[in-house]
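A.B. asks: Those sequence lines, one after another, are chains U and W. Under this note's numbering, the first residue of the first sequence is numbered 465, with each subsequent residue one higher. Under this note's numbering, the first residue of the second sequence is numbered 465, with each subsequent residue one higher.
Keep in mind the hints are simulated off the structure, nothing from the lab. Among the clues, some could well be false.
You can't tell identical chains apart in this list, so a pair holds if it fits in one copy or across any two.
[Claimed, not checked] Pairs of lysine-lysine, PhoX-like flavour, derived with a Cα cap of 25 Å:
(1) K544 - K1000
(2) K752 - K641
(3) K587 - K845
(4) K1000 - K572
(5) K986 - K974
(6) K567 - K1000
(7) K836 - K641
(8) K524 - K544
(9) K1000 - K986
Given next are the chains, with one letter for each unit.
Number of protein chains: 2
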Amino acid sequence: MSQTLRLIPIGGLGEIGKNMLYVEHGNDALIVDAGLMFPENDMLGIDYIIPDYRSLLDKKHLVRGIIITHGHEDHTGAIKHIANEFDAPLYATPLTRGLVEVKLRDAKMHADVTLNTIHAGDKINLGPFGIEFFHVCHSIPDGVGLGISTPAGLIVHSGDFKFDHTPVDGWPTDYSKLAEFAGRGVLALLSDSTNADQAGWTPSEAVIDPAFDAVLREAPGRVIIATFASLIARIQQAANAAARYDRKLALVGTSMIENSRIAQKLSYLDVPDGLIVPIDEALRMKPKQVVIMTTGTQGEPSSIVNRLAEGRNRQFDLHELDTVVFSSHPIPGNEEMVHRTINKLLQRGARVIYDPIAPVHVSGHASQEEQKLLIHLVKPKHFIPIHGELRHLHQHAANAREVGVSPDSIAVVENGTVIDFKDGEMHVGDRIPGGYVFVDGSGVGDIGPSVMREREALAENGVVVVDLRLNGSGALASTPELTTKGFVFVRDSEEMLGGARAQVQATVLKHTGAEPEVVKEKVSSALADYFYAETKRRPMIFTVVS
Amino acid sequence: MSQTLRLIPIGGLGEIGKNMLYVEHGNDALIVDAGLMFPENDMLGIDYIIPDYRSLLDKKHLVRGIIITHGHEDHTGAIKHIANEFDAPLYATPLTRGLVEVKLRDAKMHADVTLNTIHAGDKINLGPFGIEFFHVCHSIPDGVGLGISTPAGLIVHSGDFKFDHTPVDGWPTDYSKLAEFAGRGVLALLSDSTNADQAGWTPSEAVIDPAFDAVLREAPGRVIIATFASLIARIQQAANAAARYDRKLALVGTSMIENSRIAQKLSYLDVPDGLIVPIDEALRMKPKQVVIMTTGTQGEPSSIVNRLAEGRNRQFDLHELDTVVFSSHPIPGNEEMVHRTINKLLQRGARVIYDPIAPVHVSGHASQEEQKLLIHLVKPKHFIPIHGELRHLHQHAANAREVGVSPDSIAVVENGTVIDFKDGEMHVGDRIPGGYVFVDGSGVGDIGPSVMREREALAENGVVVVDLRLNGSGALASTPELTTKGFVFVRDSEEMLGGARAQVQATVLKHTGAEPEVVKEKVSSALADYFYAETKRRPMIFTVVS
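Make the full structure from the sequences, and use the hints.
C.D. replies: In structure tokens form, the structure reads like this:
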């Protein structure tokens, strides 16, 4: 009797199967990707979120390998956590491996993890799995999708992809391999849903070139281009444009410099000698001779772009004739911060260029027509949309139905859902236990809903600490002291806080001789009522009775 | 010698001149609009933000009238604050007046404010100002723009507008009046910049009709349409579609019912008898006979849509065959909450339709080609983009330059900037003092940056209160008590908190006999170091020594 092939998408937050996918057959398993998610705006104080693989820990001995499809944070950022729990060799293309190595070195885990370099076109065998890596275009070079041959059939995993006919590195997605898979028969296709609600075809990276040309041609002074540190292709395009307009290129920011260094060393970035100059050299040149490239496209407070916008960058200031280009889109949730940064840059006299004002950024993910093309190329028996929120998966399923995939052959599932294949049939099972694993400081998974609710309450109305000294007979030994933070501006609220002290005194008087616990509770409750009546706010109140 | 005409855009937050505009000539002044802004995600605990008119209070005796261009919150929501400070009669069209009256009644100010009804096409005189109201299309009916004749020249104010050739109420923007203004000579045009970065022409409200038809035709059960309570035109369109598909329409939510009642009474909503039914009647009908219309398009936690998404709506539940339509776009900053709500609705089995999946919403603001048309129609001598963030104003200025407005005749300014007109020339002056006026509970303007920073710190890492009892000789009289909120999950952190108590004991021992203030400071600082070492978090620490 044939064994079951089991797939479980695991995720950090709302996107499904993006950060991690678990593949199991018999006593062998694979992990695909090891990424993190950034918290949403109301996840107060959280640094990042990792896939909830806790239910898989009893299967850790089954895992034969961890495969990373490309070098983005949402596919690599949890590597130190995952490689720490699952003791299996890593497989990645040269650039992806280079970027993962930096993370492992930072976590002082480099010596403990076996790293293997693979290339698009390679095939490796891990237990019963034969894994073929095929090249896909995306907003970072050297991304791959996977063909995973299993005893139950062939699974195709798109990775993050688009069909770019004119990519910056001249390396299109591997159509022939996809067609070849179709010829062999594909049990299931797992495909990137990020842009499932975008009609048409995602523009090629090539549209950036004329946009950059226009910016450099018209810029009266320096051009500062902000983009993601991983967008090596964009750095290439900026370098090309700089060369065309006789400007030098300076890179600023640790991650961008580090990534470019790795990409250059591995020949993913091809820049003529002397084009890239150190920033302090660039700062001594005529403004019209300079392009500066940096990170900070998301309005992050500590980024160079934001420091320039607020006039607090140490190394150099924003000039009136500077042109700042946001070669990026705001990540959902960051819109306000990005727009605020743009407004501040304009306020300081800079010119600011961003999409939709000019086409200085394109998405790295397939739109609807590309998603349909992938389905037509691969001709899968079953279809599992992944890499997107539930709404994207549902729309991707609708797109698949449009091109003839039967509704019964599509599985739209949430993270943790077990999908089994047996005798060529797909069965959607239950969800394994799981939720959010918040990382806050050095704590992993120790912050849950109750702590989050306390943070929300503190953020909403602040805190009041009451220091209450009682004498032997239970009367006040001294005037009660009130300390507030985040509640009211103390200097303007003396009268109201005086009233609060009177309220405390009256309450203690009324309950003289009661147990300290009772006094404490009565005082807190009287103060809560008083504060609400006076301010319509509900600060958190701590009363210390001694 | 001629007198100066002065304009000062006043705003609550990042958008310029949207919430309030101050117009002054000699000893007479006008206020245009009295709106509020909603706080950004990192403005913790703030309810809303009102225009900072504090510097104008010494001119309050000059104000001859307060004119409201249309009934949206960002033009009406601060009326109770502004009408309280500036004792002048209000002027608004019937629907706008109806909506403002509700606010004044809620604030128990109805008896104190003089309300005057005006109509598009009317002209009134207030001191030296002759004000002509002209109809503009927008996403609420009965909106007007203003032609303000002053001794210094004619000012045209667009209000919030679009050029819709097929608006739901059949009432296009008043092109002839705009052309007539041009014939008389326009000193300055103030124009809506919201969509300045959107190419082309904003689609007509008419595109919604076939989209609603498709939804109602294909819906296997109830259709629940969420939209803004002020979007009377959308309620009309839903009613029309319901009638076409033999469904009844039920309205849910106080503000939507109240607004519809006012709109119906004033004939801005034309619905056949018997089409609108109470919700409890609708709930007894067959699902395919029902359209429910409600608010909650922004994922607000307490809205009906979000309660349905989370399965905690009291009056009725979501059914598997329900179709939920978001006839709206997320307001910037709300994207995460909206998408989370959509995902939860899908999770519960509903079908969800939203733009861009189907064209079930269009903007109420002019895009680039419409903005250019307005300039061509009005032929202003000077151009002042308003109603947008600085980035929109800059782009609107670029659009104006494209159609031949001289750069010297354009003023891109921030809120509080004085713009003077004298002898036909425009002079941009300094900014009057001002900033954000946060409303939090009953406090207006009492929360500033320092309190916000405290709230941020509390939100980030929570709070720890240490209760320290010393005996006469300065040694600990009892084990120190630690209370935490929003810092760690206490049940899982007993060991770490035990270590913290030991840290406190060691610190007190080391400083036995020192002043209580010194002990307090040393304990707080030792704990801060300990917590950071253990958790990489920095909670706010309050030490109470007694």
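A.B. asks: All the hints need checking, so say for each whether the structure fits it.
C.D. replies: Tested hints:
| no. | hint | verdict |
| --- | --- | --- |
| 1 | K544 - K1000 | between (46 Å within a copy, 17 Å between copies) |
| 2 | K752 - K641 | neither (46 Å within a copy, 48 Å between copies) |
| 3 | K587 - K845 | within (23 Å within a copy, 70 Å between copies) |
| 4 | K1000 - K572 | between (51 Å within a copy, 18 Å between copies) |
| 5 | K986 - K974 | within (10 Å within a copy, 36 Å between copies) |
| 6 | K567 - K1000 | between (48 Å within a copy, 19 Å between copies) |
| 7 | K836 - K641 | within (17 Å within a copy, 51 Å between copies) |
| 8 | K524 - K544 | within (15 Å within a copy, 63 Å between copies) |
| 9 | K1000 - K986 | within (20 Å within a copy, 36 Å between copies) |
Hint violations for this structure: number 2 only, all remaining hints satisfied.
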